[in-house]
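Trainee: The primary structure of each chain is shown beneath.
2 protein chains.
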Amino acid sequence: MAKKKTNPSESVESTPKTRKRAVKLNEKDTRTLEALNRLAQSVINAANGAGEPEMYIPSRSLSNVWFDEKKRIIQMGDRTTTRQLFNLSQAKAFMQTMLVASGTSELIRQGKTTSIRGLYYLMKHTIEHAKEETFNDQGESDPIIEDCEVLLECLREEMHLYAQTRGAMVGMIQIVDKGDTIDCARMGSGGYAVPSIVEPDVIQFKNCKADFILHVEKDTVWQRFNEDKFWKKHNCILTHGSGQPPRGMRRLLYRMNKELKLPVICLLDNDPWGYYIYSVIKQGSINLAFESKRMAIPSAKFLGLRSKDFEACGLSKSARINLNDSDRKRAKQIAEYPWFKNNKPWQQEIKLMLENGFKLEVESLISKDISYVTEIYTPQRLAAKDWLD
Amino acid sequence: MAKKKTNPSESVESTPKTRKRAVKLNEKDTRTLEALNRLAQSVINAANGAGEPEMYIPSRSLSNVWFDEKKRIIQMGDRTTTRQLFNLSQAKAFMQTMLVASGTSELIRQGKTTSIRGLYYLMKHTIEHAKEETFNDQGESDPIIEDCEVLLECLREEMHLYAQTRGAMVGMIQIVDKGDTIDCARMGSGGYAVPSIVEPDVIQFKNCKADFILHVEKDTVWQRFNEDKFWKKHNCILTHGSGQPPRGMRRLLYRMNKELKLPVICLLDNDPWGYYIYSVIKQGSINLAFESKRMAIPSAKFLGLRSKDFEACGLSKSARINLNDSDRKRAKQIAEYPWFKNNKPWQQEIKLMLENGFKLEVESLISKDISYVTEIYTPQRLAAKDWLD
Chain D
958 MAKKKTNPSE
968 SVESTPKTRK
978 RAVKLNEKDT
988 RTLEALNRLA
998 QSVINAANGA
1008 GEPEMYIPSR
1018 SLSNVWFDEK
1028 KRIIQMGDRT
1038 TTRQLFNLSQ
1048 AKAFMQTMLV
1058 ASGTSELIRQ
1068 GKTTSIRGLY
1078 YLMKHTIEHA
1088 KEETFNDQGE
1098 SDPIIEDCEV
1108 LLECLREEMH
1118 LYAQTRGAMV
1128 GMIQIVDKGD
1138 TIDCARMGSG
1148 GYAVPSIVEP
1158 DVIQFKNCKA
1168 DFILHVEKDT
1178 VWQRFNEDKF
1188 WKKHNCILTH
1198 GSGQPPRGMR
1208 RLLYRMNKEL
1218 KLPVICLLDN
1228 DPWGYYIYSV
1238 IKQGSINLAF
1248 ESKRMAIPSA
1258 KFLGLRSKDF
1268 EACGLSKSAR
1278 INLNDSDRKR
1288 AKQIAEYPWF
1298 KNNKPWQQEI
1308 KLMLENGFKL
1318 EVESLISKDI
1328 SYVTEIYTPQ
1338 RLAAKDWLD
Chain S
958 MAKKKTNPSE
968 SVESTPKTRK
978 RAVKLNEKDT
988 RTLEALNRLA
998 QSVINAANGA
1008 GEPEMYIPSR
1018 SLSNVWFDEK
1028 KRIIQMGDRT
1038 TTRQLFNLSQ
1048 AKAFMQTMLV
1058 ASGTSELIRQ
1068 GKTTSIRGLY
1078 YLMKHTIEHA
1088 KEETFNDQGE
1098 SDPIIEDCEV
1108 LLECLREEMH
1118 LYAQTRGAMV
1128 GMIQIVDKGD
1138 TIDCARMGSG
1148 GYAVPSIVEP
1158 DVIQFKNCKA
1168 DFILHVEKDT
1178 VWQRFNEDKF
1188 WKKHNCILTH
1198 GSGQPPRGMR
1208 RLLYRMNKEL
1218 KLPVICLLDN
1228 DPWGYYIYSV
1238 IKQGSINLAF
1248 ESKRMAIPSA
1258 KFLGLRSKDF
1268 EACGLSKSAR
1278 INLNDSDRKR
1288 AKQIAEYPWF
1298 KNNKPWQQEI
1308 KLMLENGFKL
1318 EVESLISKDI
1328 SYVTEIYTPQ
1338 RLAAKDWLD
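Protein sequence lines, in the order shown, are assigned to chains D and S. Going by the working numbering, the first sequence opens with residue 958, and the numbers climb by one from there. Going by the working numbering, the second sequence opens with residue 958, and the numbers climb by one from there.
Derived from the structure by calculation, the hints contain no laboratory data. Backbone N, C-alpha and C define an ideal beta-carbon position, used for all residues, glycine too. Honestly, I wouldn't trust all of these hints.
Some chain D residues near chain S, calculated using beta-carbon distances under 7 Å [stated by the list, open to error]: (1) L1079; (2) Q1121; (3) D1134; (4) D1137; (5) R1143; (6) S1146; (7) V1151; (8) D1176; (9) I1323.
Make the full structure from the sequences, and use the hints.
Mentor: This is the structure:
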C-alpha cells in the first residue's frame, strides 16, 4: 500500500455507517484526528517495510513523575516504553491501543461522545478464529485510554470520552453550553450541572462579573452557600465537586482561572482528605500527571477549615472527630509531598492537626449558627486573605 | 405554666438569634411548625400534670409494612411504639427526639435548610453536668429524623432537611426554582442539577410541553440521550439519578407524574440492581415505607433493558456479564416481592435472566451502534409500548 496524505477533515477511510454520519470537524477535532491518523500511518508505514510496528508511550510510572518547582505542577519525565506488535507480551496491548484509537476516531468523525465504559463496549468483541476477547473487562481498556492520552498528547475529553459528572455551579457568570446561554445567577436552588466535557468548543464564557471562585467540597455545604446567596453578596462563582472533583469540574475551574483570571479559593474539610483534594486541584494528580498542565491550578488557595479553627472559632468539643490511624498515616504522607514539604505554613497546618488529634468538617461550623460559615467565617477569612497557599 | 395557644406564624418562643431572623412562613411551613408545636405542647401538658411525657411513634419495623394492592404502593401499618421520658431505656431517645424537633423548628423559623449531617452538628452538644454527648454520631440522629417524619406525618424536606443531590434534568419543560425560571430545553450538555428539596413552595412547573418522562439509570447514558437531543425529537423530559435516584429526584418525578400527568418510563440495566431501582421508583422503599405515598409512582414502566434483549437486539457475546452468586440471590429475593410475585411478565423477566446466566448494561447497546439506544432501541420500544408494568 502506498503512503498517502490524509486530511482528516475531508476524506477518511471509514465504514459506511460512520461515513453517512460524518460531521464537519472543528479545529480541535481536526487536530486530535490528525494525531490519531499519524499513529495509524506509522503502522501502515511499518507494514510497508519501514520497520517493525511499534510505538513509544511516555511512561506513566511514578518514577517518571516529578514536581516542577517553577511551574508548581506535577510533570511527567521523558522516559518512554516501547510497545511492539511482534512481541508476544506486548501484542495484545498493541492491538488494544489501535482499537481504542480507532474507536475514538469513529466518535470524532461522527461528532459523538461516549463514556470510557461505552468505549469499552464499542471496542470489545471476540477475535475472529479465536476464543479470546479484545478486552476482558474495563480494567483493560481504561489504562489503554490513558496510554493514548500521553501518546497523542491530548486529554480523553478531546478524544470524545466523558467521565461521570458530579458537581454544580451558580454565580455571577453566564455559560454558553452547546449554544444555550445559561445564566448561573438565575439557577434557583439546583444550579447548573457541570458536564464532563467542558472544552472551549462546547463551553464558552460570557459576561463574567465574578471576582473569584469559591470551590467547596460537598454539595451539602454548597447548598448552604447558595441558599444564603453568598455568590451574589460576594460577587463570585460557587462550585462543588461532591468530594474529589471530577475531571470536568477541575478542567472548568482551570479554564475560568486561566482565561478569566479568577482566583480559585477552596473551602474543604480539615482532614487528610480535604488536604488531598486541595493538592489535586492545585498541583494535579500523581497518577495522572500528564493532565496536570491542563488541569492543575497552582495559584489555588486553601481557605479552610484550618487546624487552628477549633480554637479560633471557639468550637465546642462536639465538633471534633478523633483522628484514626489511617488519618495519621495519610497526613504524614501528604506532609511529605514535595509541594508541601518546603511550605512552612502547610507543615504547621498538618502538624497542628496531628497534635490536636482530631479533624473538623465544614458542617460542624453550624454549631455556632446556621449561617456562621457564610456570614462570618468565610467573609472574615477572605477579607483578611487568611488562607494557605 | 398555663397552656396557651400558639400561632406559629406569629409569635414563637425562640432565642434572640432566631427571633432576629424570623421570616414570614408560608402555608407548608406553618403546617409543619404546627405539628412540631403540638409535639412540644404535649410535653408541656405532661409537665403540668396531665400524665407522663410520652409519644407514640408509628413503628418503622418491617413487620409493620404491607403492600397495598389497591393503591399499589408500600404502606405502613397502624402499630406504634411508645417513647417515654421517665423510662431509663427510652429517656435518651426521647431527649434526642425533642432536640431534632427543636432544631427543625429553628430552621423553619429562620427560613433556612440544612443537611441531616448539619442537623446532627446543630443539635450535638455535651449535656451539662454530664460527660455524655446528646448524639454520639450521625447514626444516632438519622433514625430520630425518620421517627419525626412518621410522628409528624411530614417529609424531612418539609422539616427543612436536605439530602445529597444527584441527577440532572433536561427537556420540554420550564421549572421555576426559587423564583428563577429555568428552561430545561436550553440547558446545553450539562443540564439542570435537580436539588434535594423540590416541594411546591420551592419548585413550580411552567409551560410543560412534554408527553412523558424518560428516566435513565446513569448519567453516562443520560449524556448519550442528551447529546442526541432525544428529548426534543420525542417531546419528553430526560432525567437520571446516578444509580438509585436520591429523594429529591424521586419526589420530582412523583410531582411531575401526579401534577402534570406525565408517564414515567424507566431505562435501567438488565440486572437485579436495575430491577430494584425500578421497584423503589414504582412502589417505594421498604425501609422508608412512610414516604411511599408521597414518592412512589405506581404507574411507572420498565422499558428495559430486558432479559430478551440479548436475542431481540442481536447482541454479541461480548455484551454479556456473567451473573454471580449475589446477583442470583438478589434476583430471587426481588422475584418474591409482593408486587412482582403475582406479576407474570415480571416473573418471566427475572426467570429468563437467571436462565441466561448473564446480565446486560444499557451501555452495551453501543456495540450495535453509538446511537442505537437513542435512535432504534428506545423509539421502537416506546412505539410498541413494549415495557413491563
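Trainee: State for each hint whether it applies.
Mentor: Structure-based check of each hint:
no. : hint  : in the structure
1   : L1079 : 5 Å, holds
2   : Q1121 : 6 Å, holds
3   : D1134 : 2 Å, holds
4   : D1137 : 4 Å, holds
5   : R1143 : 4 Å, holds
6   : S1146 : 4 Å, holds
7   : V1151 : 6 Å, holds
8   : D1176 : 5 Å, holds
9   : I1323 : 5 Å, holds
Of the numbered hints listed earlier, not one is contradicted by the structure.
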